[in-house]
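Enquirer: Take a look at the letters that make up each chain.
2 protein chains.
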Amino acid sequence: MKKLLNNIANTETEMIDGLCKAYPQYVRRLADTGVVVRTEKKKGKVALISGGGSGHEPAHGGYVGYGMLDAAVAGAIFTSPTPDQVYEGIKAVATGQGVLMIVKNYTGDVMNFEMASEMAQMDDIAVDYVVVNDDVAVKDSLYTTGRRGVAGTVLVHKIAGAKAEQGATLAEVKQTAQKVIDNVRTMGMAITPCIVPAAGKPGFELGEDEMEIGIGIHGEPGTHREPLKKANEIAEHLLEKILADIDYSGKEVAVLINGSGGTPLMELFVINNHVHDVLTKKGIRIYKTLVGNYMTSIEMCGFSISLLRLDDELKELLDAPADTPAFR
Amino acid sequence: MKKLLNNIANTETEMIDGLCKAYPQYVRRLADTGVVVRTEKKKGKVALISGGGSGHEPAHGGYVGYGMLDAAVAGAIFTSPTPDQVYEGIKAVATGQGVLMIVKNYTGDVMNFEMASEMAQMDDIAVDYVVVNDDVAVKDSLYTTGRRGVAGTVLVHKIAGAKAEQGATLAEVKQTAQKVIDNVRTMGMAITPCIVPAAGKPGFELGEDEMEIGIGIHGEPGTHREPLKKANEIAEHLLEKILADIDYSGKEVAVLINGSGGTPLMELFVINNHVHDVLTKKGIRIYKTLVGNYMTSIEMCGFSISLLRLDDELKELLDAPADTPAFR
Numbered sequence: 001m002k003k004l005l006n007n008i009a010n011t012e013t014e015m016i017d018g019l020c021k022a023y024p025q026y027v028r029r030l031a032d033t034g035v036v037v038r039t040e041k042k043k044g045k046v047a048l049i050s051g052g053g054s055g056h057e058p059a060h061g062g063y064v065g066y067g068m069l070d071a072a073v074a075g076a077i078f079t080s081p082t083p084d085q086v087y088e089g090i091k092a093v094a095t096g097q098g099v100l101m102i103v104k105n106y107t108g109d110v111m112n113f114e115m116a117s118e119m120a121q122m123d124d125i126a127v128d129y130v131v132v133n134d135d136v137a138v139k140d141s142l143y144t145t146g147r148r149g150v151a152g153t154v155l156v157h158k159i160a161g162a163k164a165e166q167g168a169t170l171a172e173v174k175q176t177a178q179k180v181i182d183n184v185r186t187m188g189m190a191i192t193p194c195i196v197p198a199a200g201k202p203g204f205e206l207g208e209d210e211m212e213i214g215i216g217i218h219g220e221p222g223t224h225r226e227p228l229k230k231a232n233e234i235a236e237h238l239l240e241k242i243l244a245d246i247d248y249s250g251k252e253v254a255v256l257i258n259g260s261g262g263t264p265l266m267e268l269f270v271i272n273n274h275v276h277d278v279l280t281k282k283g284i285r286i287y288k289t290l291v292g293n294y295m296t297s298i299e300m301c302g303f304s305i306s307l308l309r310l311d312d313e314l315k316e317l318l319d320a321p322a323d324t325p326a327f328r
Numbered sequence: 001m002k003k004l005l006n007n008i009a010n011t012e013t014e015m016i017d018g019l020c021k022a023y024p025q026y027v028r029r030l031a032d033t034g035v036v037v038r039t040e041k042k043k044g045k046v047a048l049i050s051g052g053g054s055g056h057e058p059a060h061g062g063y064v065g066y067g068m069l070d071a072a073v074a075g076a077i078f079t080s081p082t083p084d085q086v087y088e089g090i091k092a093v094a095t096g097q098g099v100l101m102i103v104k105n106y107t108g109d110v111m112n113f114e115m116a117s118e119m120a121q122m123d124d125i126a127v128d129y130v131v132v133n134d135d136v137a138v139k140d141s142l143y144t145t146g147r148r149g150v151a152g153t154v155l156v157h158k159i160a161g162a163k164a165e166q167g168a169t170l171a172e173v174k175q176t177a178q179k180v181i182d183n184v185r186t187m188g189m190a191i192t193p194c195i196v197p198a199a200g201k202p203g204f205e206l207g208e209d210e211m212e213i214g215i216g217i218h219g220e221p222g223t224h225r226e227p228l229k230k231a232n233e234i235a236e237h238l239l240e241k242i243l244a245d246i247d248y249s250g251k252e253v254a255v256l257i258n259g260s261g262g263t264p265l266m267e268l269f270v271i272n273n274h275v276h277d278v279l280t281k282k283g284i285r286i287y288k289t290l291v292g293n294y295m296t297s298i299e300m301c302g303f304s305i306s307l308l309r310l311d312d313e314l315k316e317l318l319d320a321p322a323d324t325p326a327f328r
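Protein chains in written order, with the UniProt record's numbering: chain A, 1 to 328; chain B, 1 to 328.
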């Protein structure tokens, strides 16, 4: 394992501190927790909180700030944060308008965020939540009942965050968040694995000419392995699965080409070149495109494509200003 | 070689098209060239142009837009753009206020940008240039007489771009760009190499427990190799070299922790955590920090630290708005 780290056991805490020291104008850490909150608490609006295991940087701490999240709760790498950590986050950001939790669909995450919301409700904090399950690759998975929550989650942060910033009610912000979830689909793949520092070895192995299609953001198995193909063929295959899942015909979409952490930006642009052409040829209009490392898997090399069907409300909220360490 | 590409020979062109298709609101490609320009030409200001070999994405095309560059000229991967390509770029963005070229100090780049400026001057376009040489690692190098231009170049783009946007003259923009160059120092390292697609194999090899200190952004040799150390020790060593080069004591600085392309953001934040502490302990005040992939070397795993000494002018220009695909 070749990594730029110190004492492995301190990795998560050094990472969170390193984020907060880089961007003190945006974020600070709640002492003795894995919770990152806005430096200045925003009052008079619904508070948004997300999180999950670490290892997906800049998700989720990098999305704390104006127009997106109010708090992000980081567990150990690829491990759900505990209910008490989420509860600390809720208490820190709660306003009279209530708190919406954006939870990726993993059994541990859903359970722990739910328990935290019950704890907060005993304090008379209004808490509700949505579960993101945008991955079309597999129905159930290693850590999931139902589909996994992957890169589309960032679009939920962006759009629900803008809605909350406009002063919408908890029910309204939840409804908009759910609309994004209902309209976003993602599928990914990888050519190399990632190494959880504490494990010290790759979570899976791939042959020199092999790729995994439909892989999850923790390296969980996807639909199958096959010989590595050209980028355009891979992109076409992922798009085919996404487009078969819900009807995008004649719609405007947002496209997210997400890198898994170790993938050079060069390759992501090459992929976007073809994704753009395929969608255009199918009469699907691209309203906005994002290319980069938004929801990573440590140093895994691979990518995912997310397509979000848009309406006027979602377009306006997608374009609304955001000012966070990783999304502006 | 495991990469997400198509026909290797088309990589640069697919990459540039993929960038322009992702961000048509910011950039477009000059037909049949490797030149990326702002979608809408900005008149009435000094035009800024930069570029160099491809493989450093998002540099330089990702920095074309409001408050930064007017054009970026991309050569083949790790290869200087030809004079005629640079000349096309100059002609496309030239205004009555003149053109400033920001050139990284590599023999081929300097020669080809100089030749292009001579061609443009025959068209009565006022062209001047600065040469960025921020790398403190080595005096001369494989491709360089004098020091190499590396990640500090992005800070030159940002600050000179803001100065030009304010309506400064060509001489004034050049003076400010040169002030950044005089005050920015960088040093990098790597733990894994990168593969130029057309070469098909790594440009160098490193043992499983070995790292290269002072490496260049094309994988050129640095000062030495040694066994991999802890991230904090590496950061201290790089900082020591930077701090020994010019006097930062009692100054405010901008810090850029730049990833080489394949380095997970997790590790860059861990590194920043210690860099922040070391500088603070030395009484050097951190005004602003940037952490991410700003000047990459394809999929190389490694990082560099850049420190820019600030004065009031540089602080104001660093904070001025920018709106480009990769820097907002």
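Calculated from the structure, these hints are not laboratory results. Treat the hints with care, since some could be wrong.
Given that identical chains are not distinguished, each listed pair holds provided it fits within a single copy or across any two copies.
[What the hints assert, rightly or not] Result set (SDA-like, lysine to any residue): computed pairs, CA atoms no more than 20 Å apart in a straight line: (1) K251 with Q166; (2) K288 with R29; (3) K288 with G108; (4) K2 with G98; (5) K229 with Q175; (6) K2 with E205.
Enquirer: If a hint holds in the structure, say so; if it does not, say that too.
Expert: Verification of the supplied hints:
| no. | hint | in the structure |
| --- | --- | --- |
| 1 | K251 with Q166 | neither (26 Å within a copy, 40 Å between copies) |
| 2 | K288 with R29 | between (32 Å within a copy, 18 Å between copies) |
| 3 | K288 with G108 | neither (33 Å within a copy, 37 Å between copies) |
| 4 | K2 with G98 | neither (44 Å within a copy, 48 Å between copies) |
| 5 | K229 with Q175 | neither (40 Å within a copy, 50 Å between copies) |
| 6 | K2 with E205 | both (16 Å within a copy, 14 Å between copies) |
The structure fails hints 1, 3, 4 and 5 (numbered hints given earlier, in ascending order).
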